[in-house]
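Visitor: Here is what each chain is made of, one letter per residue.
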Amino acid sequence: MHLPGYVNNVATPFFVTGDPMIYASDVLIVLTLVAIVFVLTYFKKWGWLWREWITTVDHKKIGIMYLIAALLMLFRGGVDAMLMRTQLALPNMRFLEAEHYDQIFTTHGTIMILFMAMPFIFAMFNIAVPLQIGARDVAFPYLNAISFWLFFFGALLLNLSFVIGGSPDGGWTSYPPLTEWPTDPGPGENFYLLALQISGIGSMATGINFLVTILKMRAPGMTLMRMPMFCWSVVGASILIIFSFPALTVALALLMIDRLFGAHFFTMLQGGNPMMYVNLFWVWGHPEVYIVVLPAFGIFSEVVATFSRKRLFGYASMVASIMAIAVISYLVWLHHFFTMGAGPGVNSFFAISTMSVGIPTGVKVFNWLFTMYQGRIRLKLPMLWAIGFIPNFAIGGATGVMLAVAPGDYQYHNSYFLIAHFHQVLIGGVVYGMLAGMYYWWPKMFGIILNERIGRWAFWVFNIGFYVCFLPQYELGFMGMTRRIYVYPAGMGWTALNLISTIGAYLMGIAFVLIVWQVLYSIRFPERDVTGDPWDGRTLEWSLPSPAPHYNFARIPTVTARDAWWAEKEARRRGEDVQKELRPLEPIHMPNNSGRPFILSVCFFIGGFGLVFEWYWLAILGGLGVMLCLLLRSLETNTDHYIPVEEIRRTEAALGRL
Amino acid sequence: MSLAHEEVLSTPSSDVPVEYSTEDGALKIFGFWIFLATDLILFACLFTMYQILHINTAGGPTEQELYDVPGFTAETLILLVSSFTCGLATLEMRRGRRSASMGWLVVTVLLGLSFIFLEVREFVDYVNRGATMQRSAFLSSFFTLVGTHGCHVSLGILWMLSILYQLGRRGISAMTARKIFIVGLYWHFLDVVWVFIFTVVYLQGVM
Amino acid sequence: MSSEHHEELRGFHGIHRGFPWSHVVGLVVSLVLTFAALWLVQAHAMPHGLLLAVILVLAVLQIVVQLFFFMHFLESYGPRYHVTSLALAFVFTVCIIAGSLWIMTFGGEQTY
Amino acid sequence: MQKTFDRRRPRAFPPAQWRRGLWLALPLLLGGCSPQVMVFHPVGPVGRTEERLIIISIVLTAIVVVPVILLLWHIVHRYRDVPGNDAPYRPEFSESRTLEVVWWSIPIVIIAILAVFTTRDTFALTRPPEKSTTPLTVEVTSLDWKWLFQYPGSNIATVNYCYIPTNRPIRFILTSNAPMNSFWVPQLGGQEYTMPGMAMQLWLQADKPGLYYGRGAQFSGKGFAHMTFDVHATSQADFDAWVKNVKTTSPPLTEDGYNQLAHPGLSGKLSYSSYPPNIFHDIIMKEGGMYMKHDRAVLESAK
Ligand code: HEA
Ligand code: HEA
Ligand code: CUA
Ligand SMILES: [Cu+2]
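Protein chains in written order, with the numbering used here: chain A, 77 to 734; chain B, 11 to 217; chain C, 400 to 511; chain D, 35 to 337.
Do not take every clue at face value.
[Stated by the list, open to error] Between beta-carbon pairs, the in silico distance windows are:
1) Ser166/D <-> Ile586/A: 53 to 63 angstroms
2) Ala486/C <-> Glu289/D: 57 to 67 angstroms
3) Pro101/D <-> Pro296/A: 51 to 61 angstroms
4) Gly671/A <-> Ser130/D: 46 to 56 angstroms
5) Lys320/D <-> Gly157/B: 25 to 35 angstroms
6) Ser130/D <-> Pro296/A: 24 to 34 angstroms
7) Val490/C <-> Glu603/A: 46 to 56 angstroms
8) Pro101/D <-> Trp536/A: 16 to 26 angstroms
9) Gly113/B <-> Tyr718/A: 33 to 43 angstroms
10) Val134/B <-> Val431/C: 46 to 56 angstroms
11) Val427/C <-> Gly81/B: 18 to 28 angstroms
12) Arg726/A <-> Pro101/D: 56 to 66 angstroms
13) Gly123/A <-> Ala84/B: 51 to 61 angstroms
[As the list claims (entries may be wrong)] Derived list of chain A stretches under chain D, where covered just means 3 residues or more per stretch with a C-beta under 8 angstroms from a C-beta of chain D:
14) 343–355
15) 408–418
16) 451–460
17) 552–559
Please keep in mind that the hints were generated in silico from the structure rather than gathered at the bench. Where a beta carbon is used, it is the ideal one built from N, C-alpha and C, also for glycine.
Whenever a hint applies, use it, and build me the whole structure from the sequences.
Guide: Here it is, written out as structure tokens:
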């Protein structure tokens, strides 16, 4: 896309780069905003939005908001991917310029990992965890709302960079000294630093929140070893979040101090040491990839057991392997920079620790297989994605083990072999897992089951598209094609494979459109879930109506076995009278809604925006706003209320549960 | 004013202190322990950074030239004593003695303020001697590590003031007791971090 | 809420009575540790590397003092998850610090 | 912006270098085993060591991964919930000590084997591939966005291409006077980062004369895609002749000339008959090398 120079000159440094695509999106964003404002005003929905969603502290609603945000970000990141693949389809393409391409892969990677995968797993945490452990909410509902809004405004900040000030272009890893001020001036990189920082605080809070929830708020009788496997995976992921995000906080903060205040942590001059950024980044970055994949493992464990109508195989070793993965992933971070030359002793140690992650992961794979073995497999949508996941992840994991062989990595590093590896685990593991989870819990969230036929099409198109897109990339890596290049010459033998890869990417794009269609179609022609237990489930969330009432459980259940709901159904099938043990209803203690998490996050956003443009007065204003919100919260005493028994009885009666 | 939820006492018994007496309190205290664990990792990263960069003085002032033994020893003593007085505040809170508890908190706040005063004076002194954050990687990491601790302490002071206010208004309830206990944990934690700053930054620097 | 109500609660919760011995002991020990480290450094009592190791050990002892004398570390009402999580945090802290320092020494063992 | 980048023509590649037996093992992965699959057509001992290790790792991982996929296929077919399926159904079958021992131990054994090979080669690759011949030292600096090669032995310098003698270990000493990059010549062997203030060492060696593709592999900004370079491997005699030729026909690289080069931008291939003494050393020291014992050791050992 080549523009006459005058367009560039007209564009102010604030409303960036004179690219028609940017102008188009500027216009589109404004139009969308106007449309949203219009619709909300016309249908008088502002109050509803504020009362029901923005101020909510209900984990189920927060989960739904996370889900919507994640799907939107998947779209945004996916469009970036389509643009990249279009540019790479043929040699010497002139569809995107270097600067533009650099911004696109940076936002693609950043958005996909931090603003797609993270909110997606948090969506699943919020939707499923309290219901699975028989709790009425998370441990800190107010904090939970803060987490969501911090994520939301972090994501907003990053996405804003596309139209205001310029996008970051140093890769999602953002290594200095490239990203230091002298080589990367302007607000783009600041957007990256502050967006991640703000949402990172939210993620850390979520980690703490769910760890406390699971450890302290389980229903009576649910010992740790009776917990659903998804909850165990959340424990693992939370531990990883809690102990790894601080490293990201530090890495980002130091780089920001360098850029804004002229310090010398990672500069080339005055004694700075850029390798320390690389080190700190991956101290977080490696655990991060397990943070997003462990919940996917948890979902697969639930789905595979449910749709094989069988108990999960090897529960104890599943738990052990989650914990082993969580702990080992703190000892492997160097594998992302074997080629930094830290010495053969260091490289060997980290190579071996990295490979050994394959052991517990392998155990999980075998346990899933044997859960299906001698079961009765129903190929419903969640199960389809789970089955699609296994070969995908086995291959992606095996190439991970190949990357872990340090001398081999000297050849693969930064090549398309690496790109293929991590898409295979990120898409085949995380995206497949989250889609499985979405299909699985969709009835629980909305009370409708998504259309099976369109879903099947989407699955097959996506799965085939996936292999078509990424298998050729392994080969491209062997052929010497490195990542982050916006053009490549003809005559390298890369052309055909790149073209195939691009076709695969488009297939995935089509599959995504099918999924959107599927959702819209199912809303139009809903298949209602009236039982609350559409899949013949095993865990407690299926004992509730779909969607669950806002207090979740009218009576907190007492758990006596591992698959609590399955056990109860078995008991019923045997004709035992479960009803007779019912305790009388009691008033339920619930947190109040509050607008302050939202306002607090707006203040964070304002402060962050101020720092991005180095308008320090604005930054300080935002900071003061944050302090004020915290102070007001600290002084607040009226934070909770009780739902009277009468109201519970009415609600339950309406749901046909009395 | 309603403290209804705070009175959801999980069987008040003589061996459970007030701050743990509600489910809410116990959850928050546990949550705060985990928060401290994250802060621990945060400081660990800053310490690592410092340890790697402290020799990179780029021809600027060195540790030997800057650090002043009586100065940092005084800061250390003040913080150690404040940790003690803060502990007493928690103790008195558990005994239900509101004014004693508030008194020790006030002492802690005053000690904290004098610590901050000394630290700011130290920083100003360095800057006047040309040792700014922009001068070298060593100084960047020094100011960031010690400054982050200082920010934590300042935040702790503000927090204690807010709790003092609440204690004055509401007396010792399950809620205020929990807050005193938690701010105490925070304060002791900062003391631990300072001991490492004392050791790794200052003592190593003058060694 | 009236403070009379809490007046009653106090009776239940009088855990520590009398002189706060444990706190005073904690303070004294921490002061002793501090001055010991300071003295060792001022007197150049040992070679550099050993000295650093010794004062680090003293600092770790200070953690123990704070945890046990001031932070009511072993107190718990319910499962002692906070002990587990802090132990985990220590392990990871050590991994991160030791690993980073090792990496950043850049192949002290490299043979040319 | 675009106009400043001159696109290079596709280059010729050396004639096919079939590696014995390789295509037998991995016809699928190698996609017909064209020589353009550089990693599998190494022309020196370093690349060969890495290739062998890569093949070992492929085979070892395939030992579990292939059966897993086949097993999945089988299980899904056998135990589908379709009417009339007479396969056994045991909903409570969820523990088996024997099975669990089996699948904890298989990966452990495989990883253990792989670990041994990995450690062996990781150490081996830090040593010169051949001890009998005296190595040649080439100092490499990554700039924005070009590669500078200096030959301390003969005091000549080149940009974006280099010559190396065959059958002689080359000690590449790598640094950067710009953001990090990575020095990669796939057919000779794996890459290593070039970093400001660091002197890293990479051993490579070519067995066969030829023109090999080299490129920067660590993203370094907008000109990154064009940071390729040519490695000409020739016999020692041809190499000497080339050096002589450069010495007599090329201009010297001056301090100013270097500063010009260090300026961001692209560049064609250039040759210099001499360069200011110590310029490489100074770049490293100026950008932080003075704090690194390790840098001094590398520079010392290259003398
Ligand atoms: C969800 C994300 C995810 C997951 C789960 C993994 C899993 C693994 N990854 Fe990957 N990785 C990434 C995401 C992920 N990775 C990303 C995003 C990057 C690049 C970032 C960037 O640079 O931008 C990366 C990069 C990366 C590198 C760095 C390469 C380089 O930069 O040069 C390495 C090197 O060791 C590596 C290794 C591994 C290993 C060994 C595993 C293992 O955990 C895999 C374990 C699984 C199996 C092994 C398969 C199942 C097991 C069996 C079927 C049985 C037993 C098998 C054997 C015994 C072999 N990964
Ligand atoms: C979870 C993480 C995640 C996910 C899901 C994806 C998904 C995809 N990624 Fe991405 N990727 C990363 C994480 C991820 N990626 C990271 C971390 C990097 C590294 C960045 C860096 O180097 O810094 C990267 C880099 C990266 C590159 C390398 C760029 C380079 O180095 O030059 C490529 C190239 O092919 C690529 C392709 C794709 C494709 C085709 C998809 C597809 O799966 C996308 C599927 C599409 C959708 C789901 C949305 C659908 C779009 C539409 C509906 C629009 C419809 C329009 C048309 C069909 C035209 N990705
Ligand atoms: Cu790279 Cu020191
Ligand atoms: Cu990793």
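Visitor: Can you tell me whether the CB distance of Pro101/D to Trp536/A sits inside 16 to 26 angstroms?
Guide: 25 angstroms, holds
Visitor: Honestly, do Val490/C and Glu603/A meet the 46 to 56 angstroms range at C-beta?
Guide: 50 angstroms, holds
Visitor: Quick check: do three or more residues in the stretch 343–355 of chain A have a beta carbon closer than 8 angstroms to a beta carbon of chain D?
Guide: Check passed, 7 qualifying residues.
Visitor: Verify the CB-CB distance for Ser166/D and Ile586/A against the hinted window 53 to 63 angstroms.
Guide: Because 60 angstroms falls inside the window, the suggested range holds.
Visitor: Regarding Val427/C and Gly81/B, is the given constraint of 18 to 28 angstroms on their beta-carbon distance met?
Guide: 23 angstroms, holds
Visitor: Is the distance from the Cβ of Lys320/D to the Cβ of Gly157/B consistent with 25 to 35 angstroms?
Guide: The hint (25 to 35 angstroms, Cβ to Cβ) holds, given that Lys320/D and Gly157/B are roughly 29 angstroms apart.
Visitor: With respect to the beta-carbon atoms only, verify the hint that Gly671/A and Ser130/D lie 46 to 56 angstroms apart.
Guide: The hint (46 to 56 angstroms, Cβ to Cβ) holds, given that Gly671/A and Ser130/D are roughly 54 angstroms apart.
Visitor: Has the stretch 451–460 of chain A got at least three residues whose CB is nearer than 8 angstroms to a CB belonging to chain D?
Guide: holds (count 5)
Visitor: Count the residues of the stretch 552–559 of chain A with a beta-carbon closer than 8 angstroms to any beta-carbon of chain D: does the count reach three?
Guide: holds (count 6)
Visitor: Can you tell me if the stretch 408–418 of chain A counts as covered by chain D, using C-beta to C-beta distances under 8 angstroms and a minimum of three residues?
Guide: Three-residue rule met by the stretch 408–418 of chain A, so holds; n is 4.
Visitor: How does the Cβ-Cβ distance of Val134/B and Val431/C compare with 46 to 56 angstroms: does it lie in that range?
Guide: At 32 angstroms between Cβs, range violated.
Visitor: A range of 33 to 43 angstroms was offered for this pair. Does it hold for the Cβ distance of Gly113/B and Tyr718/A?
Guide: Given range 33 to 43 angstroms: holds, Cβ gap about 37 angstroms.
Of the numbered hints given earlier, the model fails hints 3, 10; all others are met.
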